[in-house]
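J.: Yeah, the sequence shown ends on 216 if you go by the UniProt record's numbering, and it's all consecutive.
Hints in this document: simulated from the structure, not taken from any laboratory.
No experiment lies behind these values; they were computed from the predicted model shown.
Glycine included, every Cβ here is placed at the ideal spot set by N, Cα and C.
One or more hints might be untrue.
To be verified - Each pair of labels, with its calculated beta carbon distance range:
| no. | residue 1 | residue 2 | range |
| --- | --- | --- | --- |
| 1 | Asn81 | Gln12 | 23 to 29 Å |
| 2 | Thr184 | Arg70 | 33 to 39 Å |
| 3 | Arg77 | Ala159 | 22 to 28 Å |
| 4 | Glu71 | Asn143 | 32 to 38 Å |
| 5 | Ala191 | Leu69 | 32 to 38 Å |
| 6 | His86 | Gly9 | 24 to 30 Å |
| 7 | Asn143 | Val102 | 14 to 20 Å |
| 8 | His86 | Gly121 | 21 to 27 Å |
| 9 | Arg91 | Ala191 | 32 to 38 Å |
| 10 | Ala84 | Ala159 | 21 to 27 Å |
| 11 | Asn81 | Ala148 | 41 to 47 Å |
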Amino acid sequence: MSSMPGNAGTEQTTTVIIGTGLSGLAVAAELCRRGVDSIVVDGLDLLGAAQPANTASLQRCDAADSVNLRERNEILRHLRNYAASHDVDVRNTTRAVQLTMVNGGSPLASAPQWEVHTPTGILVADHIVLTRCAHSQLRRMINDFGMAVGRNLTAAMRAIGIYLVGVGELITPSPKEVLRQAKTVGHAISARVHPDTVAYPATGSFAALTCQALTR
1 MSSMPGNAGT EQTTTVIIGT GLSGLAVAAE LCRRGVDSIV VDGLDLLGAA QPANTASLQR
61 CDAADSVNLR ERNEILRHLR NYAASHDVDV RNTTRAVQLT MVNGGSPLAS APQWEVHTPT
121 GILVADHIVL TRCAHSQLRR MINDFGMAVG RNLTAAMRAI GIYLVGVGEL ITPSPKEVLR
181 QAKTVGHAIS ARVHPDTVAY PATGSFAALT CQALTR
């Protein structure tokens, strides 16, 4: 990660992960293992109705988690320890307030870049991971970017470099399901960043190791 010249308030990274909870930390750990840099910030706030072109704002959506709370807390403890010991860039007090596509407004022409606006500056990234959103909001965002969503929301998001982890329509995914999603997204982003690198074995992921530790 390095600051971009000419603008002290702008930083460049490969991936910005929005959400500092279980889902966000799980993705950050997977990316760290695979040599992909990331910055983790807190969830998006809802802005006013007036938005610049090619900009979308997502309402924070905290799903209640009454099931698997003990398991979730144990996994979170592992993830926080991993992030601390591997210097993962987690910014718990920094909130994303706006997400803007900055490729000139043509998502089909080439892979877009993204600007994540925060109160302290702008983070520019090739990939975005969202962990707190309702599907209806995601569909509106895709439409705002001038793309047809179709039936597969996840595929439509990935086509423009946005990945979803822990985002459910009605039911919050279980902690183990979140880890599986994080592993899948980590692999997908890594494959784009390092296309010539041999894939990591499935059993070597942070998600698999954590699940093994919890089932002992």
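J.: All hints are to be evaluated individually against the structure, with a verdict given for each.
T.: Here is what the structure says about each hint:
Our hint of 23 to 29 Å for Asn81 and Gln12 holds, since their Cβ atoms are close to 28 Å apart. The hinted window of 33 to 39 Å between Thr184 and Arg70 is violated, with their beta carbons roughly 25 Å apart. The given range of 22 to 28 Å is broken by Arg77 and Ala159, whose C-beta atoms sit roughly 35 Å from each other. For the pair Glu71 and Asn143, the supplied restraint of 32 to 38 Å holds, since their beta-carbon distance comes to about 37 Å.
Between Ala191 and Leu69 the CB atoms are about 34 Å apart, so this pair conforms to the stated range of 32 to 38 Å. Evaluation of the 24 to 30 Å hint for His86 and Gly9 yields a pass: the beta carbon distance comes to about 26 Å. Between Asn143 and Val102, the C-beta spacing of about 19 Å keeps the proposed range 14 to 20 Å intact. Look at His86 against Gly121: about 24 Å separates their beta carbons, and that is inside 21 to 27 Å.
Between Arg91 and Ala191, the C-beta spacing of about 26 Å breaks the proposed range 32 to 38 Å. Distance hint check for Ala84 and Ala159: the Cβ-Cβ separation is about 34 Å, which falls outside the suggested range of 21 to 27 Å. Judged by the Cβ atoms, the range 41 to 47 Å given for Asn81 and Ala148 holds: they are separated by roughly 43 Å.
Consistency note: the structure conflicts with the earlier hints numbered 2, 3, 9, 10.
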